[in-house]
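J.: Below are the chains, spelled out letter by letter.
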Amino acid sequence: MDASLPAPLVRAVVLRELPAWRREGLVDEQTSAALARRYADADGRSLALSALFLFGALLCGAGALAFVAWHWAELPAAARLGLVGSAMIAAQAGGLALKRRGSGVKGEALLLFGGLLYGAMIGLLAQTFHVGSRGWPGLLLFGAGNALVGALARSRPVQLCGSLVAGAAALLALEDVGAWGWAVPWLFALPVFGLALLERSRALAFTAAAGLLTLQSVAVGARLHEGEPAAFAFFAAGALIAALAVAGRPGRPLGALAAALQTAASIALLPTLFALSFHGLAEELAEHTVPSPGALLLALTPLVLLAAFFLVRAGRAGLRRAPSAVALALASFAVIGVGLAGDERGRALAVVCNAFLVTLGALGLVTGARHGQRRTLWSGLALLVGTALARFLELETSLGWKAAAFFSAGLVVIVVGLVLERRLVRPASEVHP
Amino acid sequence: MRHPLLAVLGLELLLLGSVPAEQLLALAAGEEVVLATRPVDPYDLLAGYYATLGYEIEEVPAAMLPAELSEDERVWFTIERAEPAWRLVAVTRDRPAPAPGRAMLRARHRHGRFELEELKRFYVPEGQRHEASDAARGRGFVDAMVGPGGAAAMRRLRVGDRVFGG
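Protein chains in written order, with the numbering used here: chain A, 1 to 433; chain B, 1001 to 1166.
Note that these hints are calculated values from the structure, not bench results.
Among the hints, a few may not be true.
[Claimed, not checked] Label pairs and their computed distance ranges (CB to CB):
#1 His1003(B) <-> Val416(A): 22 to 30 Å
#2 Asp1094(B) <-> Ser408(A): 51 to 59 Å
#3 Ala90(A) <-> Gly1138(B): 41 to 49 Å
Computed from a predicted model, the values in this text were never measured in an experiment.
Even glycine gets a Cβ: it sits at the ideal position worked out from N, Cα and C.
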């Protein structure tokens, strides 16, 4: 393989050209199958490794943020600033150097870690000089700074991280908007979607979708704080759409519709699942919702019937093809069921939501890696990251312990990535001597 | 771009420098004032636990109120040296002229009250947050430096014999 060509490009070209090579008799059936297997597998492995390194960097960065917020006073302020600042510079210099040398994945991970250390520096400066009367200006500086740094360093993960944080900060800044809070995420997302369409950029569209999910989670969270049980309306709509999505089969006219419906279901359901994965919010919702057997029956019966009808129609093949749609539908039923009945509803709601978020994330990661499906893999990673961050935001343990836990978990993920890299990604010469 | 690292670090340094710029200026060239506190104990995602402080001078006597203040309007507090804490002598829309023994602070009129925004959060280590919160429920004092433009930077929080920060 030519060292000057990026591996994903080579894979994309080979996989695109393979059917034509076979038609023209350049490769036989067996060789074609072997090539397809090799490049699909390699792509999946490479994607899985990217996901692991970035996830590890994110966990380590979250650990660093918690460590700074812990506010260890044993070191003088200047030493703390020097320590975190030099770690930030080292991470970013190392990340850029690695990218230049062709280790793009590790370079991106190191740049992401550096970007999070930049956030830790903002926190440390605010802490040292007692700056600020509100939380969002610091977050906005963190997000906007990383979005710009990501653009300068041509790092999509840093840019994405920055955009999401900046969007969330912008939403927090508009906390006085009141009833219009629901519309704010769409105001941010629609122009970006439009730009993505004009530029034909999938990355931009993904950024907008991810931003929309984050912002809507915050908006749903804000509504739940006000004690509105309207989140169940999202679940009802999401469950219906997810059930419809299960019915679709690739290759049929309904297949495209099903894919669109599944995306819509994700947008409707995931933010609410995410919001309710916070124990406090779930407790609040449970307190403000008075269940009645009639409401339970009304919410569940048509959904169960619809799901049963479509599951039967889709059959086993449908279930295998759309495991996340099935999981989404199941999540909706479980959340509605648990949310409307039982004594410990708040805690049960939070546990169910966390379990489904992790399941959906892991499903996406495994399915994406196995079949070399980028979108599925990154969606899975985004869910895992979102869930990890949700637990990061909850203050149920000491910040010192939280920092240690996140940093250790990040190191473990990175070590697993390094081991897998050695074992799985063998040089081409070893595969085809 | 030929030197992306320099561009990245330059941008970050610029943004990071803007975080404490006014506080650094106040600490370097300001005058030290003492204010009496009346407190509150929350958490910031990036910077950690802090005590939210309110000040006796934020309770402005009706006679000192400027006419028809709008929401979020910025005003100037003129404070004068006194014992044990500096006291409020005037609230004005325009920036007052400097005078010996006096200092000016920027405040904001919000929800019918006044807030000294730059002196709201006093960050404390996690291990001291309950102590600081409990201590801050009593009458305490903040030692702060006030810069020539009205920007303020806190140095320490004193409650009885307990001193936080500094």
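J.: All hints are to be evaluated individually against the structure, with a verdict given for each.
T.: Hint-by-hint comparison with the structure:
1. Judged by the Cβ atoms, the range 22 to 30 Å given for His1003(B) and Val416(A) is violated: they are separated by roughly 34 Å.
2. Distance hint check: the CB atoms of Asp1094(B) and Ser408(A) are about 56 Å apart, consistent with the given range 51 to 59 Å.
3. Checked against the given bound of 41 to 49 Å, the beta carbons of Ala90(A) and Gly1138(B), roughly 45 Å apart, stay inside it.
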